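Student: The residues making up each chain are set out below.
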Amino acid sequence: MVANAATRDDLALDLVDVTKTYSGKVHALRGVAMQVPRGQIFGLLGPNGAGKSTLVKIITTIVRPTTARGTVLGAPIGHRPTLARVGYLPEHHRFPQYLTGRQCVEFFGAMSLMRRPERRARTAAMLDVVGMAAWADRRVGTYSKGMQQRTGLAAALVNDPELVILDEPTDGVDPVGRREIRDCLLAMRDQGRTVFLNSHLLGEVELVSDRVAIMLQGKVERQGSMAELTHDSRSWRIAIEGAAPPWISELGATAAAAPAGTRTTIDFKTDDLAAVQAMIDRLRAAGVSIVGVHETRESLEDLFMRLVRDVDGRAKAVGAAQIGRGG
Amino acid sequence: MSQHPLLRERLTFGDLAVQTRAQFVAAYRELNARRLFWVALVLNALVIGAVAAIGIDEKGISVLGYELGIPGVNTKLFPDAKLYKVIIATLGVGFWLSWLSTILALLSTASMFPDLATGGVDTLLSRPIGRARLFFTKFLTGLLFTALQVAVFAVLAFLVLGLRGGAWELGIFVVVPLMVVFFSYLFCVQAVVGMVTRSPIASVLVTLLFWIFIFLVHTGEQFTLIGRTASRLEIQGIEARLAKLQTEEAKSGLIPRLEEQREDDADWALAHGIFYAAKTVLPKTTETAGLVSRSLAIAADIGEEEEEAEGDENARRQRGFFRSQFVSEKKLEAAIKEEMDSRPVWWVVGTSLGFELVVLGFGVWYFRRRDF
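If you read the sequences in order, they're chains A and B.
Per our numbering, the very first residue in the first sequence carries number 501; after that it's consecutive.
Per our numbering, the very first residue in the second sequence carries number 2; after that it's consecutive.
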């Protein structure tokens with residue numbers, strides 16, 4: 501666990517036992533514990549209703565937790581002055597339509613306690629970073645969805661935040677814009693910021709995240725680095741000429757004939773490199789021609805789908821649980 | 002890593018000022034973007050322009066130089082700036098600001114709190130601002146519409162009084178705080194209903210219904226006040242007549258009437274007491290707007306002059322709902338005016354603001370408890 505290795509100062513977010521019950525009936529969060537190290541991109545995944553947005557809103561004080569212990573940038577959850585160092589882009593944000601992009605970003609800079617000279621300079625810089633400088637003096641009401649999203653990103657970054665929380669930042673953005681936002685996220689990390697990314701797009705999260713948490717039914721089902729999460733799924737794919745010897749099954753490996761030709765692929769699921777070497781030696785000793793050896797891991801999507809589905813492939817109940825209905 | 006410039010243990014006064022100023026500037030920009038704001042401003046100018054178009058001299062009254070030929074209405078009846086004061090107080094404040102402009106302000110600000118409760122709240126709540134302060138600041142920015150409109154009205158009215166009437170009446174500027182307070186009584190209801198229902202239409206409708214309700218309570222209180230006052234004066238009149246009568250025979254005709262009037266008086270006192278109690282806890286819109294007339298010191302003068310101009314005491318005694326042989330209409334009006342003037346400003350404004358605080362307190366309590 502990260503918490504064991506890192507001190508409290510190394511964590512941008514250290515959440516312990518965060519619960520939220522709506523109207524005394526719906527358990528949206530059921531004891532969430534999560535550690536987000538500083539200076540990393542942290543991806544939060546989960547199906548609809550898993551409690552991701554509720555968790556984000558508790559961190560940003562938009563939703564009141566039923567119980568919550570832990571810290572945000574070293575201060576207790578809900579400590580308002582600390583929010584001046586947090587940038588947040590909500591999923592379905594609606595900025596004042598009567599403000600121009602520049603006025604809008606400046607307004608949120610002021611709400612984050614920034615003084616005017618610094619605010620103006622940062623606003624211009626951030627609008628430039630998100631590619632909105634040319635439209636900065638037009639009203640937000642005239643912007644497309646993508647332009648509003650970019651402006652939102654500028655507003656989230658205007659206060660030079662140490663922690664940036666982005667809820668579906670690429671929602672409504674075209675592929676080019678998505679790429680630019682991804683680059684922007686990586687640049688933020690390089691600048692030493694912590695990025696907390698809540699997204700449905702598994703590929704996007706996998707591409708940029710250093711660590712990931714997967715939430716199901718209001719709980720963190722898995723969290724860790726990509727390597728840690730897929731550690732158990734590490735396997736080796738050995739391609740050979742001809743049929744596989746029968747003894748490979750004794751070692752826990754499986755064989756599958758290639759779709760065409762005379763080759764066979766042996767899948768050997770192990771994290772023990774010595775065992776792989778032993779398998780290769782034994783194949784060679786048996787006169788088998790080895791064509792190739794590849795390490796394979798489960799993708800984030802594979803892991804996610806495995807977690808949200810039963811063994812027979814049906815979707816699990818993954819959303820918020822109602823009291824008295826179990827789950 | 003160097004310390005972040007926005008690192009704070011607690012917010013400073015400067016921080017609060019930066020946030021509050023930003024919200025007021027944004028609110029001004031919002032008003033600026035609304036057509037209704039400019040429509041109301043133009044109407045303001047038209048109302049005052051209409052007042053300025055009226056002229057009065059010793060011959061009579063005129064509009065844009067055309068004599069209207071209304072007998073008796075001249076500088077003898079309305080010396081100096083009195084005509085302009087009367088029109089500004091009755092038409093300008095009593096009708097335009099108290100009704101039409103207020104309705105325009107309610108319509109213009111109707112979406113403020115529903116918008117806060119739906120689209121824009123998460124981006125604001127994720128900033129270092131408490132919910133109570135956010136709610137109150139939003140409420141205050143909502144008063145900006147009325148404040149700006151009435152400020153423009155006051156400046157124009159001041160110029161008309163000075164240029165047309167020759168009286169540079171600084172007292173007219175009291176209309177700005179009074180009408181802002183007046184509007185705030187209604188806007189607090191609109192704000193809370195808008196927050197709870199998230200519907201601009203519902204918030205306007207409920208506010209207008211509430212306004213009608215307090216108007217009905219006010220009307221009921223005024224009616225029972227007249228009844229109670231007339232009844233007391235009637236008793237005093239009968240008692241005075243009885244004191245003058247010498248014979249028991251002459252008195253016997255009035256004694257049953259006195260007893261009957263005393264019974265009526267108890268009923269009037271009870272009815273008025275109920276309306277007065279209800280009115281005490283509700284906002285007093287009419288009286289608050291009436292404070293402008295009080296501050297301009299015009300109502301009493303007009304009353305006196307009208308009475309002097311008419312003169313026929315007997316005819317007045319037989320007129321109206323509360324006709325009496327013992328109480329003249331003038332005496333009744335004077336007694337009611339005395340009663341109304343005896344109500345202190347703190348009662349008119351203080352109890353109304355008390356109501357507002359309770360409503361806003363509920364709004365803050367609700368806003369603080371709500372998840373978005």
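Quick caveat, the hints were computed from the structure, so don't treat them as lab data.
Possibly wrong hints are sitting among the right ones.
[To be verified] No farther apart than 20 Å at their CA atoms in a straight line, the calculated lysine to any residue pairs in the SDA-like style are these:
#	chain 1	residue 1	chain 2	residue 2
1	B	K139	A	A758
2	B	K139	A	K645
3	A	K645	B	T119
4	A	K769	A	A758
5	A	K645	B	D116
The model shown is predicted, which means the values in this text are computed figures rather than measured ones.
Student: Would the pair K645 of chain A and T119 of chain B pass a check requiring their Cα atoms to be no farther apart than 20 Å?
Tutor: holds, 18 Å
Student: Below or equal to 20 Å on CA atoms is what counts here, so check K139 of chain B against A758 of chain A.
Tutor: violated, 69 Å
Student: Taken at face value, is the distance from the CA of D116 of chain B to the CA of K645 of chain A at most 20 Å?
Tutor: holds, 19 Å
Student: Straight-line Cα separation of K769 of chain A and A758 of chain A no greater than 20 Å?
Tutor: holds, 18 Å
Student: Between K139 of chain B and K645 of chain A, does the CA-CA distance stay at or below 20 Å?
Tutor: violated, 27 Å
In this structure, the earlier hints numbered 1 and 2 are contradicted, and the remaining ones agree with it.
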